[in-house]
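As a plain string of letters, each chain reads:
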Amino acid sequence: MGRFPALAGVDLDVSDSQIVLLSGHNGAGKSTLLRLCAGLVPLASGSAVVLGNDLGKSRSAVRRRVGLLGHETFLYEDLTVRENLDFWSRAAGATKEDGLSALDRLGVASRLHDVNVRGLSAGQRRRVSFAAMICRRPELWLLDEPHAGLDAAGRDTVDSLVTEAAAHGATVLFVSHELDRADALADRHLVIDSGIIVDETRRADTSTTDSDSVPLGAIPDA
Amino acid sequence: MTSHSSTAATTDLTDQGVAGGLSGTGSIGTKVIGSAALVTVALGAIYGLVISGPDQKLGNTVRIIYLHVPTVLAAYLAFVITAIGSAMYLLKRTEFWDLLASSAAEIGVLFFAVTIIDGALWGKVTWGVFWRWEPRLTTSAVLLLMYVGYLAIRALPADPRTRATRSAIVGLVAVVNIPIVHKAVDWWRGIHQGQTVLGTVDPNMAGNQLFAMYTSMIAGLLVFAWLLIHRFRVGFLMERTEDLALEEAISARRQENAGQTGQGA
Amino acid sequence: MRDVLLVAAKDLRIERRSRIGTAQVLPFALLVLLLFAFALDPDRGLLEAATPGLFWVTVLFSAVLALQRNFGIEAEDGIIDALRLCGMAPSSIYFGKVLALVVQLFALEFVLVIAVAVFYNLEFNGIPLLVVISLAATLGIAATGSIYGALSARLRSRDTLLPLLMLPLLAPVLISATRGSEIALRGEVGTGWSWAALLGLFASTYLIVGAVLFSPLLEDA
Numbered sequence: 001m002g003r004f005p006a007l008a009g010v011d012l013d014v015s016d017s018q019i020v021l022l023s024g025h026n027g028a029g030k031s032t033l034l035r036l037c038a039g040l041v042p043l044a045s046g047s048a049v050v051l052g053n054d055l056g057k058s059r060s061a062v063r064r065r066v067g068l069l070g071h072e073t074f075l076y077e078d079l080t081v082r083e084n085l086d087f088w089s090r091a092a093g094a095t096k097e098d099g100l101s102a103l104d105r106l107g108v109a110s111r112l113h114d115v116n117v118r119g120l121s122a123g124q125r126r127r128v129s130f131a132a133m134i135c136r137r138p139e140l141w142l143l144d145e146p147h148a149g150l151d152a153a154g155r156d157t158v159d160s161l162v163t164e165a166a167a168h169g170a171t172v173l174f175v176s177h178e179l180d181r182a183d184a185l186a187d188r189h190l191v192i193d194s195g196i197i198v199d200e201t202r203r204a205d206t207s208t209t210d211s212d213s214v215p216l217g218a219i220p221d222a
Numbered sequence: 223m224t225s226h227s228s229t230a231a232t233t234d235l236t237d238q239g240v241a242g243g244l245s246g247t248g249s250i251g252t253k254v255i256g257s258a259a260l261v262t263v264a265l266g267a268i269y270g271l272v273i274s275g276p277d278q279k280l281g282n283t284v285r286i287i288y289l290h291v292p293t294v295l296a297a298y299l300a301f302v303i304t305a306i307g308s309a310m311y312l313l314k315r316t317e318f319w320d321l322l323a324s325s326a327a328e329i330g331v332l333f334f335a336v337t338i339i340d341g342a343l344w345g346k347v348t349w350g351v352f353w354r355w356e357p358r359l360t361t362s363a364v365l366l367l368m369y370v371g372y373l374a375i376r377a378l379p380a381d382p383r384t385r386a387t388r389s390a391i392v393g394l395v396a397v398v399n400i401p402i403v404h405k406a407v408d409w410w411r412g413i414h415q416g417q418t419v420l421g422t423v424d425p426n427m428a429g430n431q432l433f434a435m436y437t438s439m440i441a442g443l444l445v446f447a448w449l450l451i452h453r454f455r456v457g458f459l460m461e462r463t464e465d466l467a468l469e470e471a472i473s474a475r476r477q478e479n480a481g482q483t484g485q486g487a
Numbered sequence: 488m489r490d491v492l493l494v495a496a497k498d499l500r501i502e503r504r505s506r507i508g509t510a511q512v513l514p515f516a517l518l519v520l521l522l523f524a525f526a527l528d529p530d531r532g533l534l535e536a537a538t539p540g541l542f543w544v545t546v547l548f549s550a551v552l553a554l555q556r557n558f559g560i561e562a563e564d565g566i567i568d569a570l571r572l573c574g575m576a577p578s579s580i581y582f583g584k585v586l587a588l589v590v591q592l593f594a595l596e597f598v599l600v601i602a603v604a605v606f607y608n609l610e611f612n613g614i615p616l617l618v619v620i621s622l623a624a625t626l627g628i629a630a631t632g633s634i635y636g637a638l639s640a641r642l643r644s645r646d647t648l649l650p651l652l653m654l655p656l657l658a659p660v661l662i663s664a665t666r667g668s669e670i671a672l673r674g675e676v677g678t679g680w681s682w683a684a685l686l687g688l689f690a691s692t693y694l695i696v697g698a699v700l701f702s703p704l705l706e707d708a
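Quick mapping for you: the protein sequence lines, in order, are chains G, W and E.
Residues 1 to 222, numbered by this note's numbering, are exactly what the first sequence covers, in order.
Residues 223 to 487, numbered by this note's numbering, are exactly what the second sequence covers, in order.
Residues 488 to 708, numbered by this note's numbering, are exactly what the third sequence covers, in order.
Derived from the structure by calculation, the hints contain no laboratory data.
Treat the hints with care, since some could be wrong.
Calculated pairs, EDC-like style, for lysine to aspartate or glutamate (alpha carbon to alpha carbon, straight line, at most 20 Å) [as the list claims (entries may be wrong)]: (1) G:K96 with G:D114; (2) W:K314 with W:E461; (3) W:K405 with E:E669; (4) G:K96 with E:D490; (5) G:K57 with W:E461; (6) W:K314 with E:E706; (7) W:K314 with G:D78; (8) G:K57 with E:D490; (9) W:K314 with E:E669; (10) W:K279 with W:D340; (11) W:K314 with W:D408; (12) G:K57 with E:E706; (13) W:K253 with W:D340; (14) G:K96 with G:D78.
Some chain G residues judged to face chain E by a derived CB distance under 8 Å, without partners named [stated by the list, open to error]: (15) G52; (16) G56; (17) L68; (18) E72; (19) F74; (20) Y76; (21) D78; (22) L79; (23) F87; (24) L100.
Cβ coordinates follow ideal geometry from the N, Cα and C atoms, glycine included.
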């Protein structure tokens, strides 16, 4: 508890359709940065504009338009896979069918649809969480270690979903420790340490100056 | 590095002081209020205990009312201030309203506890037992416990915004209940008009009794105001010390980082 | 409205799956009724005289348990973050939780009434008034409970904190529901309706308060 800053000085511009990799030690502030972009963490100082919304003014407007895949599943353990997807898709204003097709897209076998989430393996849960995230068609994808806990096929699925989303204009910000795979996927690679961006590499072909960008310079409460 | 941050600390405090230099939590204003409180308390005590006569019906026990009424008055005022502070915090999100609400709640609980204790003492003298389910005392007991919950929420470690929001919610939920608890307890004890023994000023009071009553009411409010201002300032200083720790943590990180990249390049 | 039903249906479905209410809260409530019979000698008429009060005390304690369960599910697995992100209005979530709680508590009260009738030898009079009082009291418990349940759900000390917050707040509900039920059971009815009105006032006040406060509650608490 207390009030120590998770991010001390992050200046970041991300434009549409970019895939940005964040890496760094445990506790460097990567997850907090993702939560900040999702509008879940109040800004203590600095400013942040996400999807054209100033987070210092309103954090709720941006939330409907982002999808967050966190360390936690965001699923009700006592409900089945299908019931979870029904609830979360309809809660976000999408339809049941969106939920089911998202499950298909993630390769969740239909025999698992009526199994309680409690009875799923970690990898299967991860897929269901991912499905619950994409069924609402977010414009900004915030993925905290999307490859973790998945088998080879699952990782390939994640990669193709991410590339496809970016091709359709979504922006992707993701955290990973598996740098080989992640570097191949990303357009830019930022290294965070102690809440500060310390290094950046980017592919030659991507331009970073874009009008609809995401400048961040933020110190949210931990 | 350490000496640098400690000088920063002292300048910070004088710059941001609410009432001039903050070597303590006193100021000219509180000294005036404090002295006035002392004078009125003394005056109220002299009139209440010595000069005024006993009541026709209640005898000498009436003198407890000169303590009871001011404390209960100040306690209710405190909870209204807590509610206002809570509502304003949720609207404005500024530290001022949060500190005002929590300081008032703390003092309100204190005054309510005094109210219940002196009410029970009065009961012992009048009825021979400490506690009868006298409506005003019963209501006070319920409200006291409600605000003990507020203090419990307040005491939990959390970041300032979360803690302030939680306590503001409790402050508002609790205050709405006050009139409902009053009504329920009154009906429960079969009282439908304000005919309670404690908590109402006898309309037949006159002369020195009335003077003692009003003096002690003013004394109660002054003591409350004095405590509130000091409690507020203590809370404010506690926040500032936490802020200093925060700033130090940030600057330490920045420096560390600048050192690293300097070496790298 | 659609979101209210969505949330309520989800809660009731979880309850149907996990059966915490029927397997734990209800047996607890019945156990408390049994303990009261041990504490108050049934042969001296104490139990019968005190039945309405004992019934409502049992309901309050059980409600606190039900609340801990109902908001515990929202505190796990990052669900609160997901609820914030999904874009449903906080007041819709609040009313959904209230609705699901009212259904569960009302079902609990129904079983308890039968138990009281059998074990405490209760004769029923003034049933319309009893039903109205139970509904209004239940709504009041659910309305306040959903505020404080959500407030304490993610706190480590929630098991001790929730009763400390809830029970003093519900003092007027206990008084009104007990007195109202006594009057109804005696077949006098008349003044019983003013108790019902007070319960209604409590419930409607807190439904408004809850709808307004649930937004900062979900956001920052």
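So, going through the hints one by one against the coordinates:
1. G:K96 with G:D114: 14 Å, holds
2. W:K314 with W:E461: Cα-Cα ~18 Å, so holds.
3. W:K405 with E:E669: Holds. K405 (chain W) to E669 (chain E) sits at ~18 Å (cutoff 20 Å).
4. G:K96 with E:D490: 14 Å, holds
5. G:K57 with W:E461: 24 Å, violated
6. W:K314 with E:E706: Roughly 15 Å separates the two Cα atoms, so the pair holds.
7. W:K314 with G:D78: Violated - the C-alpha atoms of D78 (chain G) and K314 (chain W) are around 39 Å apart, more than 20 Å.
8. G:K57 with E:D490: 26 Å, violated
9. W:K314 with E:E669: 46 Å, violated
10. W:K279 with W:D340: 19 Å, holds
11. W:K314 with W:D408: 37 Å, violated
12. G:K57 with E:E706: 14 Å, holds
13. W:K253 with W:D340: 28 Å, violated
14. G:K96 with G:D78: 19 Å, holds
15. G52: 17 Å, violated
16. G56: 15 Å, violated
17. L68: 6 Å, holds
18. E72: 3 Å, holds
19. F74: This interface hint holds because 4 Å falls under the 8 Å limit.
20. Y76: 6 Å, holds
21. D78: For D78 (chain G), the interface hint holds, since the closest Cβ of chain E sits about 5 Å away, which is under 8 Å.
22. L79: Interface hint status for L79 (chain G): holds (6 Å vs cutoff 8 Å).
23. F87: 5 Å, holds
24. L100: At about 17 Å, which exceeds the 8 Å cut-off, the nearest Cβ of chain E leaves the hint on L100 (chain G) violated.
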